[in-house]
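K.L.:
Letter by letter, the chains look like this.
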Amino acid sequence: MTRLIDLRLGLFLAALFAVTVLAPLATTLPSTSALNLPSYLIPLMGKYLCYALLAVALDLCWGYAGILSLGHGAFFALGGYAMGMHLMREIGARGVYANPELPDFMVFLGWTELPWFWYGFDMFWFAAVMALAVPGLLAFVFGWFAFRSRVSGVYLSIITQALTFALLLAFFRNDMGFGGNNGLTDFRDVLGFSLSAPSTRIALFVLTAVALAGCMLLARAITISKAGKVLVAVRDAESRTRFLGYRVESYSVFVFTVSAMMAGLAGALYVPQVGIINPGEFAPANSIEIVVWVALGGRGTLVGAAIGALVVVALKSWLTATFPDLWLFALGGLFILVTLALPNGLLGLVDRLKPRKAKPATEVPA
Amino acid sequence: MPFRPLTLIAALCLAVVLPFLASAQTLDALIARLPDGNFNDRAAIVAQIAETGDPRAAQVLDALLEGELEQRTADGRFVRVTGSRNNQTAVDVLTGEDLGPVARRSTEAVRVNNALRRSIRTALGVLTLMDPDPARRLAAAEAALRSPSADQVDALAEAMAAETNANIRTAQTRAHAAAVLASDLPVEQKLDAVAVIGAANAQIVQQTLNAYRNAAEPELAAAVGEALAAAEARQRLWSQAQNLWFGLSLGSVLLLAAIGLAITFGVMGVINLAHGELVMLGAYTTYTVQQIIRTNAPEYFGYSLAIAIPLAFLLVGAVGVLIERGIVRHLYGRPLETLLGTWGVSLILQQAVRSIYGPTNREVGTPDWMSGAWQIGEMTLTGPRIAIVIFSLVVFFGLLLLMKYSAFGLQMRAVTQNRPMAANLGIRTGYVDALTFGLGAGIAGLAGVALSQIDNVSPNLGQGYIIDSFLVVVFGGVGNLWGTFAAALSLGVANKFLEPWAGAVLGKIVILVFIILFIQKRPRGLFPQRGRAAEG
Numbered sequence: 001m002t003r004l005i006d007l008r009l010g011l012f013l014a015a016l017f018a019v020t021v022l023a024p025l026a027t028t029l030p031s032t033s034a035l036n037l038p039s040y041l042i043p044l045m046g047k048y049l050c051y052a053l054l055a056v057a058l059d060l061c062w063g064y065a066g067i068l069s070l071g072h073g074a075f076f077a078l079g080g081y082a083m084g085m086h087l088m089r090e091i092g093a094r095g096v097y098a099n100p101e102l103p104d105f106m107v108f109l110g111w112t113e114l115p116w117f118w119y120g121f122d123m124f125w126f127a128a129v130m131a132l133a134v135p136g137l138l139a140f141v142f143g144w145f146a147f148r149s150r151v152s153g154v155y156l157s158i159i160t161q162a163l164t165f166a167l168l169l170a171f172f173r174n175d176m177g178f179g180g181n182n183g184l185t186d187f188r189d190v191l192g193f194s195l196s197a198p199s200t201r202i203a204l205f206v207l208t209a210v211a212l213a214g215c216m217l218l219a220r221a222i223t224i225s226k227a228g229k230v231l232v233a234v235r236d237a238e239s240r241t242r243f244l245g246y247r248v249e250s251y252s253v254f255v256f257t258v259s260a261m262m263a264g265l266a267g268a269l270y271v272p273q274v275g276i277i278n279p280g281e282f283a284p285a286n287s288i289e290i291v292v293w294v295a296l297g298g299r300g301t302l303v304g305a306a307i308g309a310l311v312v313v314a315l316k317s318w319l320t321a322t323f324p325d326l327w328l329f330a331l332g333g334l335f336i337l338v339t340l341a342l343p344n345g346l347l348g349l350v351d352r353l354k355p356r357k358a359k360p361a362t363e364v365p366a
Numbered sequence: 001m002p003f004r005p006l007t008l009i010a011a012l013c014l015a016v017v018l019p020f021l022a023s024a025q026t027l028d029a030l031i032a033r034l035p036d037g038n039f040n041d042r043a044a045i046v047a048q049i050a051e052t053g054d055p056r057a058a059q060v061l062d063a064l065l066e067g068e069l070e071q072r073t074a075d076g077r078f079v080r081v082t083g084s085r086n087n088q089t090a091v092d093v094l095t096g097e098d099l100g101p102v103a104r105r106s107t108e109a110v111r112v113n114n115a116l117r118r119s120i121r122t123a124l125g126v127l128t129l130m131d132p133d134p135a136r137r138l139a140a141a142e143a144a145l146r147s148p149s150a151d152q153v154d155a156l157a158e159a160m161a162a163e164t165n166a167n168i169r170t171a172q173t174r175a176h177a178a179a180v181l182a183s184d185l186p187v188e189q190k191l192d193a194v195a196v197i198g199a200a201n202a203q204i205v206q207q208t209l210n211a212y213r214n215a216a217e218p219e220l221a222a223a224v225g226e227a228l229a230a231a232e233a234r235q236r237l238w239s240q241a242q243n244l245w246f247g248l249s250l251g252s253v254l255l256l257a258a259i260g261l262a263i264t265f266g267v268m269g270v271i272n273l274a275h276g277e278l279v280m281l282g283a284y285t286t287y288t289v290q291q292i293i294r295t296n297a298p299e300y301f302g303y304s305l306a307i308a309i310p311l312a313f314l315l316v317g318a319v320g321v322l323i324e325r326g327i328v329r330h331l332y333g334r335p336l337e338t339l340l341g342t343w344g345v346s347l348i349l350q351q352a353v354r355s356i357y358g359p360t361n362r363e364v365g366t367p368d369w370m371s372g373a374w375q376i377g378e379m380t381l382t383g384p385r386i387a388i389v390i391f392s393l394v395v396f397f398g399l400l401l402l403m404k405y406s407a408f409g410l411q412m413r414a415v416t417q418n419r420p421m422a423a424n425l426g427i428r429t430g431y432v433d434a435l436t437f438g439l440g441a442g443i444a445g446l447a448g449v450a451l452s453q454i455d456n457v458s459p460n461l462g463q464g465y466i467i468d469s470f471l472v473v474v475f476g477g478v479g480n481l482w483g484t485f486a487a488a489l490s491l492g493v494a495n496k497f498l499e500p501w502a503g504a505v506l507g508k509i510v511i512l513v514f515i516i517l518f519i520q521k522r523p524r525g526l527f528p529q530r531g532r533a534a535e536g
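The listed protein sequences derive, respectively, from chains A and B.
Count the first sequence with UniProt numbering and you get residues 1 to 366, in order.
Count the second sequence with UniProt numbering and you get residues 1 to 536, in order.
If you are wondering where the hints come from, they were derived from the structure by calculation, not from laboratory data.
Just to be clear, a hint being listed does not mean it is correct.
Chain B residues, not near chain A, derived (Cβ > 10 Å throughout) [as the list claims (entries may be wrong)]:
hint : residue
1    : 100
2    : 132
3    : 133
4    : 167
5    : 204
6    : 296
7    : 347
8    : 351
9    : 352
10   : 361
11   : 368
12   : 428
13   : 434
14   : 490
15   : 520
A few chain A residues facing chain B, derived, Cβ under 7 Å [said to hold, decoys possible]:
hint : residue
16   : 144
17   : 146
18   : 151
19   : 173
No residue lacks a Cβ here, since even glycine has one placed at the ideal position from N, Cα and C.
The whole structure should be built from the sequences, with the hints applied where relevant.
P.N.:
Written as structure tokens, this is what we have:
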């Protein structure tokens with residue numbers, strides 16, 4: 001029996017816990033102190049953790065079930081839109097047009113009543129459920145059709161990319177009722193707490209950390225369960241698993257749906273901290289970037305995915321600020337480096353540097 | 001001055017009579033009388049000027065119409081004054097002599113009003129209707145059709161009788177018919193005129209006849225109604241043809257973008273996400289060639305595409321060989337890793353081009369021989385579009401022949417079907433791999449040359465095509481060039497037929513969703529490969 005929390009996961013969770021406790025404390029230190037953390041960094045760190053959660057979600061289906069989704073950004077954005085719609089409704093009559101029912105952009109477009117799909121989003125619990133249910137449902141339906149007809153490998157990657165591209169085009173349309181290319185923004189508060197207040201920011205950050213830890217434990221629990229073993233079997237030899245009598249598509253649909261819901265959760269936590277959600281999040285390039293986070297950290301490791309996301313995103317923040325022209329070179333180089341030199345990612349590198357124990361690291365074929 | 005129709009008509013009558021009285025008058029004598037008298041007198045002189053048949057008459061009237069005809073106070077010469085208030089230059093309208101800058105108060109303008117302008121336009125119309133230059137005659141006839149006037153009935157009839165060029169005569173006949181409709185001639189003549197107009201293309205029918213839909217004479221109104229309905233029906237039919245053409249044109253763009261991919265992905269099984277950027281490199285090659293020609297030898301601009309095509313093929317093909325040798329070679333059998341690696345390449349190429357050429361759109365010119373448009377029935381075919389349709393077919397069939405009949409094509413197929421066996425027979429598989437990838441890349445470069453003619457050349461050019469081209473290849477069936485062909489054209493046509501009722505974006509979404517569903521149903525595309533090779 002594999003332990004739920006092994007050494008790597010334990011270390012990561014401990015580090016996450018330490019950061020979650022220390023970072024809010026550091027903001028309360030006087031600004032003269034060397035350890036002071038400016039409070040504007042809190043939402044930024046929260047954003048990074050959302051990305052880490054997104055990477056874990058992708059690793060669950062790519063690393064363990066071999067489903068390379070190039071459309072996980074779509075699930076993330078859908079979750080984000082669900083939360084964004086609630087935050088839009090919470091603005092209420094404080095918008096530019098002071099309409100208590102309609103968000104500003106609808107008034108601007110000359111709409112007179114709320115479209116049916118906006119009903120219910122004035123309630124937080126409804127939006128929270130939707131942030132998980134919409135991506136989950138989409139993934140379930142999509143996966144149901146795809147896996148039953150045995151679309152796999154590259155074909156699946158291409159149609160997930162087509163999916164997110166179609167959603168990108170759809171959300172860019174003003175008539176869709178999601179704010180067109182401006183997306184949803186100008187949020188004010190959530191559950192009555194002002195989004196610009198430091199305490200709300202800290203609460204959201206802590207919540208994100210808890211969600212990340214929870215999802216990592218859930219993903220870990222899935223992967224070490226019997227179902228998880230079957231998923232790895234599907235990844236490594238799909239036909240053989242099917243011939244052994246397993247219903248491959250049920251396992252695939254299950255893990256794809258769970259993964260999409262995690263991505264939706266990440267999106268829902270992302271929006272209040274970043275303050276905007278727009279159709280650009282659906283861009284296929286974003287989804288492919290998630291893949292490099294996972295690949296860099298080491299696919300099929302969960303912890304590696306989270307670390308990969310944090311490393312790449314931090315690198316991106318630094319490079320785009322200091323050498324904006326270099327960022328794409330660096331990202332492109334990273335893709336090539338990871339595929340050619342680091343097939344098992346950073347964690348694989350760590351394993352290789354460690355003195356070999358009895359059990360070698362498992363090889364992960366494509 | 002108020003508009004007085006009666007005096008205008010009187011003036012026009014005078015204009016018809018006067019030439020007989022003063023037919024010997026020369027342009028020089030007439031122009032000298034222009035500044036005298038009131039606007040009505042001027043209208044009469046304008047008509048006389050037109051009657052002189054002097055080749056300089058048109059430029060005099062044109063200057064007058066623009067309000068630029070002025071008389072120099074010093075010597076009474078008539079000049080055309082152009083330029084801003086403080087920087088005026090004058091040209092003698094009669095001799096064409098350039099008189100250089102003139103002071104503001106040294107000339108007196110010949111003033112015109114709206115009624116006079118109308119007479120000038122009519123006179124100019126008559127003048128140009130008989131112009132020795134056929135292009136100007138045609139333009140005059142078309143102008144007369146656009147703004148029919150009863151005054152021109154006789155002039156047009158005269159011009160028709162004298163005309164030898166069939167095209168121009170058709171235009172004049174229509175203009176004449178339109179003028180008849182505008183006049184108060186008997187109904188029978190007008191009915192004939194409606195028949196003449198009804199034979200023209202729908203746009204002309206509508207713009208000319210719409211005004212007479214509720215004509216006072218019932219039979220005329222009925223005839224007009226019929227002609228309009230017939231034109232509308234014809235236009236509906238033609239708009240389907242136009243849609244089909246747009247669809248084929250879009251389809252051939254998709255085909256061009258996808259053929260290269262059909263080689264790398266379809267034949268070799270390599271997911272090349274840098275394909276779009278290779279297309280972009282082809283477009284920038286065209287831009288660079290044109291820049292060099294523009295600065296060094298602008299007279300050869302017409303050949304720029306002929307130079308860019310082989311150059312783009314070789315250059316981008318070489319980049320492809322580099323990518324294959326450097327990255328893809330190490331990743332055979334691991335398609336998802338290839339996907340990531342080539343995505344990295346695409347980001348680097350994008351940023352490299354952005355650093356070298358800047359992020360903005362670059363202007364790529366169309367050689368003269370390719371620009372222009374042709375009218376077939378009710379639809380318009382533009383030069384670059386026709387060229388792309390032809391070019392994509394040439395590339396496609398060229399590739400097909402290469403695959404089928406050349407030694408290289410044979411080796412390529414041998415390596416993809418059974419690599420170890422091919423190697424045993426002495427084929428250098430690595431070499432063939434590199435060349436195959438290079439071929440696919442080279443074709444992407446060709447696509448870039450073609451797309452530079454119809455799309456914005458920017459570092460993001462490739463991004464717009466990559467998803468579409470993958471879908472085309474997957475939809476058509478991987479490893480099947482004919483499948484790619486069928487898929488590209490059918491998707492292009494479907495897209496254009498969806499557009500009118502769904503809008504461009506929604507139409508595209510519908511197509512995407514359709515392909516997603518289609519792949520669920522038939523995971524191997526329209527024309528799947530059969531046999532062992534398909535199991536890969």
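K.L.:
Hint by hint, say whether it matches the structure.
P.N.:
These are the hints, each one checked on the structure:
1. 100: Its Cβ never comes within 10 Å of chain A, the nearest being 53 Å, so this holds.
2. 132: Holds, since 56 Å exceeds 10 Å.
3. 133: holds (51 Å)
4. 167: holds (45 Å)
5. 204: holds (36 Å)
6. 296: At roughly 30 Å from the nearest Cβ of chain A, residue 296(B) sits farther out than 10 Å, so the non-interface label holds.
7. 347: Nearest chain A Cβ is 3 Å from residue 347(B), so the label is violated.
8. 351: violated (4 Å)
9. 352: violated (8 Å)
10. 361: holds (19 Å)
11. 368: The claim holds: residue 368(B) sits with its nearest Cβ about 37 Å from chain A, beyond 10 Å.
12. 428: About 23 Å separates residue 428(B) from the closest Cβ of chain A, which puts it past 10 Å; holds.
13. 434: At about 17 Å from chain A, residue 434(B) clears the 10 Å cut-off, so the statement holds.
14. 490: holds (17 Å)
15. 520: At about 4 Å from chain A, residue 520(B) fails to clear the 10 Å cut-off, so the statement is violated.
16. 144: This interface hint is violated because 9 Å lies over the 7 Å limit.
17. 146: Residue 146(A) check passes; min Cβ-Cβ to chain B is 6 Å, inside 7 Å.
18. 151: At 5 Å from the nearest chain B Cβ, residue 151(A) passes the 7 Å test, so the hint holds.
19. 173: holds (6 Å)
Violated hints, listed in ascending order, are 7, 8, 9, 15 and 16; each of the other numbered hints is respected by the structure.
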